[in-house]
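Q: Residue numbers (our numbering), protein chains in the order written: chain A, 1 to 241; chain B, 1 to 308; chain C, 1 to 437; chain D, 1 to 316.
Hints may contain errors.
Unchecked claim - Cβ-Cβ distance ranges computed for the label pairs, FRET-style:
id	chain 1	residue 1	chain 2	residue 2	range
1	D	A104	A	E113	24 to 30 Å
2	C	A416	D	F132	37 to 43 Å
3	D	R313	A	G41	42 to 48 Å
4	D	L97	B	L60	37 to 43 Å
5	A	R71	D	L23	54 to 60 Å
6	D	P145	B	R176	56 to 62 Å
7	B	P98	A	R56	24 to 30 Å
As the list claims (entries may be wrong) - Example chain C residues on the side facing chain B (calculated, C-beta under 8 Å, incomplete):
id	residue
8	A65
9	T185
10	G187
11	T212
12	A213
13	A214
14	T229
15	S230
16	K233
17	A253
18	L255
19	F265
20	G266
21	E271
Stated by the list, open to error - Here are some of the chain C residues that sit facing chain B, going by a computed Cβ distance under 10 Å:
id	residue
22	T60
23	G61
24	I238
25	R391
Since the hints were made in silico from the structure, they are not lab data. Think of the CB as a built atom: it goes at the ideal place given N, C-alpha and C, for glycine as much as any other residue.
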Amino acid sequence: MSDVILSTKGLSKSFDGLRANHDINFALHRHEVHALIGPNGAGKTTFVSMLIGRLRPTSGVITFEGRDVTRLGAQARVQAGMAYTFQITSVFAKLSCHENVALAARRLGGDVEAEVASALSRVGLGARAGEIAGDLSYGHQRLLEIAMGLAQRPALLILDEPTQGLAESEIAGFKALIRGLATETTILLIEHNMSVVMELADRITVLNFGEVLAQGTPQEIHQSAEVQSAYLGTGGDDAEH
Amino acid sequence: MEFGPYLLLACLEGAVLAAVLALMASGLSLVFGVMRVVNVAHGEFYMLGAVMAWVVTSVLGGGAVINFVAALILAPLIVGALAVLADVTILKRLSYDPERTIVATIGLLYIIQQLALMGYGPEARPVAPPFNSRIALPWVEWGEGGIGLYFPWGLSTTSYKLFVIVAAVVLLAALRLFMTRSRAGLIMRATQADGEMATAFGIPVERVYALVFGAGAALAALAGVLIVPIQQAHYLMGGDALLLSFIVVIIGGLGSLAGTVVAAVLIGMSDGIISVFFTPTLAKIIATLLVALVLVFRPQGLFGVRER
Amino acid sequence: MTDTPSKRLSGASSALPTRRQALKTLAAGAGAAATMPLWSRYAGAQSAEPIRIGFGKHATGIGAAYGRWYERTSVAALAKINAEGGINGRQVELVTEDDGTDPKRAAEVLEKFASQSKCDIAFGTLFSHVVIGAAPRAAELKLPYFVVSEGHHVASGMLNRWTLQPGITDVKSQVTAMAPFLTNTLGKKVTMIYPDYGFGYDHRDNLTPAITAAGGEVVAQIAIPPTETSFTKYFPKIPRDTEVIYHVMVGPAVLTFVKEMGEFFGPSRPEIFGFIDSLEAVDLSSPGLEFLEGTYFWEGMPRYLQDDAPDYVKAYRDAVGIDANGASTSDGADVSTAAHMFGCWETLHIIKAGMEAADYKSTDDRQALIEAVEAMTDMPAGPDHPQGAKRFNGKTHQVFGPQYISKVTDGKLVVAETVDYEDTLYPDEVDYTTMSF
Amino acid sequence: MRGKTWGAVVALHLGLVAVLFALNFVLPVYHQGVLARVMVLAVYAIGYNIAFGYTGLLSLGHAMFFGAGLYGAGLMGLHFGMSALPAWLVGTGAGALLALVVGALALRTAGVSFMIVTLMFAQAVYLTILYFGDITHGDDGFVVPGVSRTLAGIDLSQQHPRYLVGWVLFSAALLFSLWLVRAPFGRVLVAIRENEERARLLGYDTGRRKLGALVISGAISAASGAAYGLLFGYVGASFAGVQYSIFALLWVLLGGAGTVLGPFVGTLFMFYLIDLATGVTDAYMLIAGVVLVGLTLFAPQGIVGEVRRRLWRDLP
């Protein structure tokens with residue numbers, strides 16, 4: 001089994017001639033927490049959308065677990081072991097928390113009830129299993145999303161801005177959760193909150209104008225002059241968190 | 001009949017159908033374009049236009065021309081007002097949710113149709129055309145003495161049918177001018193482009209929606225008034241007209257007025273011409289399947305541009 | 001209409017059109033009964049319960065114009081029957097239900113008649129698909145079902161022993177009866193224009209051989225979908241050498257059809273012969289119909305009062321309420337379906353005759369009623385049969401009667417020729433009397 | 001759902017089935033006939049509900065599936081003298097096959113386009129029935145021969161056998177749909193209805209499941225159509241017309257889309273509403289229109305849906 005679980009080669013996407021992503025070469029190592037950062041409009045969401053299969057790349061190749069998945073649909077990639085939590089919460093609002101997670105767990109078979117209970121309790125929603133998802137607070141819905149990700153027992157968990165809208169206390173819990181997960185899965189984290197990134201990430205990739213600007217450990221990125229300048233104009237205060 | 005004159009006749013008949021269809025479908029297209037809702041009751045507004053034409057004619061009891069002009073003005077206004085009422089009391093309260101709107105307009109279809117049955121009755125009633133003289137048309141022939149003109153058996157049209165074609169062209173041109181040049185048209189197009197943005201700029205979107213829905217119905221009613229001297233007003237006449245308008249609007253690209261007009265001409269003419277070659281029922285089967293396949297494989301319509 | 005008769009009378013405050021008419025029928029009958037000799041009233045009082053006839057009416061849907069006139073004729077016929085003492089001394093009541101010109105609803109309506117409103121028999125309905133949809137239920141319910149449809153489906157053997165058509169002739173006999181006139185008087189080369197469904201096929205399949213037999217030729221058959229609204233594009237299919245056009249259209253677009261045919265031909269038209277179905281309930285003075293002057297129509301019964309009309313025809317027309325032009329006496333623009341609706345009148349009189357012959361007392365005698373009607377043969381012209389003398393064929397459950405050919409003269413239909421029922425007969429295609437009940 | 005409430009749910013549905021069985025022996029003959037009809041048509045509504053209520057596929061063309069069953073079974077009887085059970089199977093199979101073909105094409109669209117595409121396909125099927133009039137007897141339709149209305153020697157045209165066959169079919173469809181909505185497959189359908197994109201990103205092949213749902217829905221609708229023809233003896237094109245597509249929508253909306261009992265309640269309610277309305281007005285379809293508008297405005301959940309919302313949250 002290779003150490004690289006997911007890689008892209010020359011991945012590009014343009015919309016009506018507008019380059020959203022250009023020639024991205026990227027590798028994700030097994031059991032690392034990898035953060036993807038960049039200013040607004042840098043192409044982060046376009047990039048992960050191509051990874052999970054919601055968007056077709058204009059050119060380039062995506063390899064997952066040694067297999068070319070570029071042409072596969074989203075559900076096939078999920079079946080292959082990826083999981084994705086949405087940037088804008090996208091839980092089944094009219095169904096109970098339990099059913100939301102059960103839908104995620106059921107595809108794998110096994111003891112669905114135990115899986116649901118475990119996933120919900122890991123995100124701290126164990127007591128709310130019977131509640132309708134749409135009635136939860138926004139922060140709780142984000143946690144429910146993560147529970148749905150966990151219940152799929154993915155080899156790769158892609159979290160799109162998971163802490164957006166969470167309270168400080170909830171963010172602390174989230175950090176603990178991710179640290180615990182790192183041993184069992186690989187995590188790709190798209191995140192604005194620099195404190196979360198710096199504390200959790202083993203490695204960081206910075207996107208700017210649809211291209212890879214820098215890649216390295218949090219330490220290296222923190223010291224990179226290029227990254228500093230990219231953030232100064234747009235979201236410099238983000239880096240101060 | 002020889003092939004040449006036959007084709008000419010089919011084209012003339014097709015042009016009349018195309019003219020009426022273009023007017024009616026423009027209404028449907030306008031409503032879909034601006035409000036993003038499909039009005040299934042559109043055919044009933046067409047029927048109401050025809051029925052109102054009969055009502056106006058019989059109440060006035062003047063000369064054919066005066067009656068007809070009055071119907072041409074009054075019927076669209078009455079039907080448009082009814083549509084505005086329906087918009088305010090029903091569609092607005094559904095927040096124009098596309099699927100619920102379809103269900104509600106199906107309900108509206110039955111309500112209008114059955115009220116027409118109760119108030120107007122089950123008969124097909126005629127309205128006298130303002131003028132109607134038969135015009136025999138000539139055809140060229142290469143005879144012994146070179147090219148000669150003759151009048152083939154049956155190759156004819158009526159002055160009123162020609163008037164319908166001209167009237168539709170004028171009305172559609174006016175509609176286009178209105179949409180592109182007038183302030184109200186601009187507001188409609190702004191609302192079409194982005195309802196939320198329009199609200200932000202202080203455009204009274206709700207009022208625009210009500211007026212657009214009324215205008216769409218008025219266009220259908222206008223088509224109904226124009227057709228009634230050729231056909232008759234009947235409470236079930238809306239169904240087929242609705243189906244044809246759907247076909248036109250879909251082929252033309254949902255919400256595109258120019259595409260709608262082109263498609264109306266295409267469908268109207270081909271309806272005339274296809275009937276030359278196929279049995280009519282088979283032609284209708286082919287046409288409906290074709291429309292379904294266009295929606296499946298080319299949802300932007302034959303003339304539309306794919307939206308990203 | 002689910003309540004019992006007594007409730008119905010007391011609940012008259014909520015009376016509705018159909019209900020009101022039923023009441024009127026009852027009242028007329030009661031008034032008549034009061035004038036009759038005592039013994040007759042006594043007999044009536046013995047079984048005070050009226051005989052109930054379920055009437056399936058095309059009140060909505062494409063048959064609606066027919067339904068209204070069928071109902072008026074039926075109400076008039078029952079008023080007459082009741083005034084003459086009812087059936088077996090019992091008053092007769094019409095229970096009207098809309099069948100929506102829809103076969104499913106028509107079958108449900110029969111169930112309602114049989115089990116809910118406790119009707120003795122069912123009657124009515126014109127459109128073929130409605131009759132065909134409802135007839136199986138009549139047999140299952142063992143409910144005598146008297147149809148006034150003019151379709152060939154009864155005599156073709158498609159239906160069952162409980163369904164009869166004793167009051168109106170079927171399309172096969174009508175059509176074949178026209179062929180000699182067409183070829184002998186109008187021309188040998190015939191082009192047919194007919195609706196593209198069952199009713200039209202009956203015309204196509206029956207006329208074509210009849211014309212050939214009469215020495216003519218059908219040169220073209222043009223089928224037009226029943227939903228069509230414009231017709232000019234079909235007319236070029238008429239061959240140039242056509243001498244006679246034979247047309248029959250139904251539905252709301254009939255007026256357009258005839259009008260556009262006139263516009264197509266202009267001054268140089270061939271002979272034109274149509275079934276009045278093309279213009280039933282349409283005023284001949286409607287704009288665009290001027291060109292029909294001099295053309296011919298089949299009529300089941302003359303719409304316009306003919307100069308030589310016997311008194312019983314006048315009485316019939318007065319009872320139904322149509323004027324000399326065949327329009328409603330209260331609204332001259334409301335033109336009747338004269339060529340068909342007489343069938344309701346005659347059917348109700350046959351029901352009366354059948355019930356009296358079978359000594360009908362209750363629903364237990366329904367079978368006897370069918371057998372009594374099957375035993376009927378000649379029906380002389382008169383107040384009960386104003387359309388003319390007929391012969392009923394008990395085996396095929398179909399009646400045969402005279403057919404009228406009228407010419408449009410000064411905007412009115414004037415009978416030009418009458419075909420007697422002997423010339424409309426054809427070999428039996430079924431023997432219902434051998435079937436079980 | 002906890003086991004206890006599930007037990008109550010099962011008891012409710014079985015109770016309805018039992019009551020309907022008992023009604024065969026106590027109802028006056030008219031209402032017994034009505035209920036037999038309503039049960040068979042409710043099966044059509046149950047089929048429609050699986051597509052619309054549970055999967056969110058708003059079709060305006062389900063009459064084509066009902067018609068496929070009706071004609072599939074009826075034509076087998078008319079032309080080949082097939083007996084009731086095989087004819088019914090042919091009809092049901094014809095509906096499933098048609099749903100497979102139509103679904104494969106129509107499911108490439110969604111929302112309003114899906115509605116119109118299904119409407120168009122249904123219209124084409126309707127016209128096809130008319131076009132092949134030599135085989136189908138076109139507009140007139142035909143009477144199903146007696147040989148096809150016999151099941152194991154029992155005459156299905158008789159009052160009691162008809163009711164009981166209708167009851168068996170209805171009970172099977174009702175309990176099947178109850179089972180389906182609790183089965184994993186049915187739950188994914190609900191997930192697709194609620195949020196198709198999310199369901200896809202949970203690894204479900206939503207396209208194939210929607211197709212599966214449509215085929216099940218089409219087959220059940222066809223089973224109803226086939227049974228209708230065989231039990232009531234008439235096959236006609238009007239059953240494949242647009243109005244019967246609208247009826248299915250109306251019944252399901254009225255009873256409650258996405259509820260197991262809704263289709264039956266809606267069909268029953270609407271039947272009696274129209275039956276009573278014909279006594280009041282000729283224009284009884286007016287009632288259908290008013291009900292449709294009223295429902296979308298005031299009770300989009302329908303009757304059973306409102307019960308669920310107010311009284312019994314776990315009602316499936």
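Q: If a hint holds in the structure, say so; if it does not, say that too.
A: Against the structure, the hints come out as follows:
no. : hint                        : in the structure
1   : D:A104 x A:E113: 24 to 30 Å : violated (36 Å)
2   : C:A416 x D:F132: 37 to 43 Å : holds (40 Å)
3   : D:R313 x A:G41: 42 to 48 Å  : holds (44 Å)
4   : D:L97 x B:L60: 37 to 43 Å   : violated (58 Å)
5   : A:R71 x D:L23: 54 to 60 Å   : holds (58 Å)
6   : D:P145 x B:R176: 56 to 62 Å : holds (60 Å)
7   : B:P98 x A:R56: 24 to 30 Å   : holds (27 Å)
8   : A65                         : holds (5 Å)
9   : T185                        : violated (23 Å)
10  : G187                        : violated (16 Å)
11  : T212                        : violated (23 Å)
12  : A213                        : violated (27 Å)
13  : A214                        : violated (26 Å)
14  : T229                        : holds (5 Å)
15  : S230                        : holds (6 Å)
16  : K233                        : holds (5 Å)
17  : A253                        : holds (7 Å)
18  : L255                        : holds (5 Å)
19  : F265                        : holds (6 Å)
20  : G266                        : holds (5 Å)
21  : E271                        : violated (15 Å)
22  : T60                         : holds (6 Å)
23  : G61                         : holds (8 Å)
24  : I238                        : holds (8 Å)
25  : R391                        : violated (34 Å)
Hint violations for this structure: numbers 1, 4, 9, 10, 11, 12, 13, 21 and 25, all remaining hints satisfied.
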